[in-house]
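**Student:** If you want the building blocks of each chain, they are given just below.
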Amino acid sequence: MALSAPGGGAAAARALARFFDGDVWFSFRTSPVAIVASLIAALCMFCAVMAPWIAPHNPLDLASLDLIDARLPPAWMAEGRSKYLLGTDDQGRDILSALMYGSRISLFVGLASVLLSVVFGVGLGLLSGYAGGRVDAFIMRVCDVMLSFPSILIALLIDGVGRALFPNAHDTLAFTVLIIAISLTGWVQYARTVRGSTLVERQREYVQAARVIGVSPARIMRRHVLPNVLGPVLVLATIHIATAIITEATLSFLGVGVPPTSPSLGTLIRVGQDFLFSGEWWITIFPGLVLVMIALSVNLLGDWLRDALNPRLR
Amino acid sequence: MLAFILRRLAQALVVMLTVAFIAFMLFQYVGDPVTNLLGQDATPEQRLKLRTDLGLDEPFPVQFARFVGNAAQGEFGLSLRQGRKVSALIAERFPATLELAATAALIGLALGIPLGVYAALKRGSFMSQVVMTGSLLGVSLPNFLIGILLILVFAVVLKWLPSFGRGEVLAIGPITTGLLTWDGIKHLLLPALTLSLFPMTLVLRLVRSEMLEVLRTDYIKFARARGLPDRSIYFRHALKNTLVPVITIAGLQLGAIIAFAIVTETVFQWPGMGLLFIQAVQFADVPVMAAYLCLIALIFVVINLVVDLLYFAVDPRLRIERSAAGH
Chain X
17 MALSAPGGGA
27 AAARALARFF
37 DGDVWFSFRT
47 SPVAIVASLI
57 AALCMFCAVM
67 APWIAPHNPL
77 DLASLDLIDA
87 RLPPAWMAEG
97 RSKYLLGTDD
107 QGRDILSALM
117 YGSRISLFVG
127 LASVLLSVVF
137 GVGLGLLSGY
147 AGGRVDAFIM
157 RVCDVMLSFP
167 SILIALLIDG
177 VGRALFPNAH
187 DTLAFTVLII
197 AISLTGWVQY
207 ARTVRGSTLV
217 ERQREYVQAA
227 RVIGVSPARI
237 MRRHVLPNVL
247 GPVLVLATIH
257 IATAIITEAT
267 LSFLGVGVPP
277 TSPSLGTLIR
287 VGQDFLFSGE
297 WWITIFPGLV
307 LVMIALSVNL
317 LGDWLRDALN
327 PRLR
Chain Z
1008 MLAFILRRLA
1018 QALVVMLTVA
1028 FIAFMLFQYV
1038 GDPVTNLLGQ
1048 DATPEQRLKL
1058 RTDLGLDEPF
1068 PVQFARFVGN
1078 AAQGEFGLSL
1088 RQGRKVSALI
1098 AERFPATLEL
1108 AATAALIGLA
1118 LGIPLGVYAA
1128 LKRGSFMSQV
1138 VMTGSLLGVS
1148 LPNFLIGILL
1158 ILVFAVVLKW
1168 LPSFGRGEVL
1178 AIGPITTGLL
1188 TWDGIKHLLL
1198 PALTLSLFPM
1208 TLVLRLVRSE
1218 MLEVLRTDYI
1228 KFARARGLPD
1238 RSIYFRHALK
1248 NTLVPVITIA
1258 GLQLGAIIAF
1268 AIVTETVFQW
1278 PGMGLLFIQA
1288 VQFADVPVMA
1298 AYLCLIALIF
1308 VVINLVVDLL
1318 YFAVDPRLRI
1328 ERSAAGH
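In the order they appear, the protein sequences are chains X and Z. Last residue of the first sequence: number 330 in this note's numbering, and the count goes up by one each step with no gaps. Last residue of the second sequence: number 1334 in this note's numbering, and the count goes up by one each step with no gaps.
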């Protein structure tokens, strides 16, 4: 895999060439679902990352808003204006631009939470599997307890505690609390998977050889065991991105997610829900569509990756 | 057997104590109870007196023990936001959530089992592919979005059903229910349907895979060879054997349904415990949060325990497996 290639440019190029020649790329080329899903995911990513440069309006710039433009339907409907392709919300904000900025925030929170979960979960899993004994028993008990509660409840609880601890938190802190809340619900599956593979790997000769020549446990875990247990983590993490984005959207929808000054997709849906009854469906339906598109495409990609990396399914 | 029960009970107790400890820490470090009770302008003497009266000057373990004792009696103090007893608030909201969760679980089972059987029997047919794709969509669509879509279709466009609140409820003693009035049932329909999608998908997929498994076994082939009618083979012989895991999962999910009700209740403004909890989180209302947390934990632990024991009682094979696995 290109990711694990050490060394300079030549090595990277070789790894890349090997990747394009390999099974995974072949499986990708021959799977229409994977191609379409990755195109959609890439499009969403592109719009989200490039939002400040490609969005037609800046939804965060209050000065540019005009109340006369409020609640305009999408451009293809009778009262729509071509200036606002997907219509505007109650404050005259362009929905399309709000969507781009919103998915930027959703993706950021989702990716950051997954990254934190992976670091935390893989670390604890390695420790649990390698150290064994009491440490292992304790970590696994904690996992059991975490697993017996639905993740949304745990995230809500941590978020609630964070809010109670810092009642007047500024935006950065609110983001941090949210990301920690989401990532603390997700680390368990990584810990369990990595622990399982570590238990197998630590019996192998190369680990024993490293131990015999006096390599420290921390170094064995990091340099020898870790690269060999990361395969399944990659698959889990891909699917987890979709879950994390949905969790973020749910928390924001419930009004306990991202601060209102930087609306994510969930916040947009929450705000738009109030306008359903006056017929302004576009304010809430479009953010919902984007959310589903992102979640579905990432999920399909994850499914494909799981099958592609598992030789037994071929 | 006895050792197993005792071990499970001990585990349940540890979980409950952990949750109680978290709730206790909330009380200790989030907000000052003395300021909450007396207000900002109390004199230091008043504060000191209340501190002694409340036992806040006692050692940590003593305070924790008292907290657990109170919690066990359902005593969590006053809600910071509403100024009423938390136990009364919860008791008032609990029937609404229970009504919603139970209806959702029933709808999930009533639709999930037949659809799962159908998808297994007619594997590969167009309709069963539609069912399976639909169930995949049900998993990847966030719950609140489904609720909003249902509101848009049935309440806004078609105007058939109301979209918020419980409607008209009847009080039977301390319990209120909307199940006995037409208005109440109409209000219940959309939220219950939204909430039921998650257990329905789960049951559907489980029944399908279990049925496929069972249909391959020898005793089904034997039943076929005996010339039994299809209906009898599928429902009397095959389905019956898939139901043990289905009931277990459904039971275990009851707790999850109550937790997911938080989202559904927010979408439909259903006056249940979930809405109470969300408002508590928004306003950092610690006593309500702590009480909800302990109650949910209790529900989960009890359900887990009962299901474990039932499973154990129903399927003799498990006793051997469990002891072999060293549980």
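The set of hints was computed from the structure by calculation and includes no laboratory data. There could be a bad hint or two in this list.
[To be verified] Residues of chain X placed beyond 12 Å of chain Z at every Cβ, according to the derived structure:
#1 D37
#2 A67
#3 D85
#4 L112
#5 F124
#6 D160
#7 T192
#8 R235
#9 V272
#10 S278
[Stated by the list, open to error] Looking from chain Z toward chain X, a few residues come up when the C-beta cut is under 7 Å (computed):
#11 L1148
#12 V1160
#13 V1163
#14 A1263
#15 A1266
#16 T1273
#17 Q1276
[What the hints assert, rightly or not] Taking beta-carbon pairs under 7 Å as the criterion, some of the chain X residues facing chain Z (in silico):
#18 P166
#19 S167
#20 L169
#21 M309
#22 L312
Just so it is clear, CB atoms sit at the ideal spot from N, CA and C, and this is done for glycine as well.
**Student:** Mind listing which of the numbered hints don't hold for this structure, in increasing order?
**Tutor:** Structure breaks hints 6, 9, 12, 17, 19, 21.
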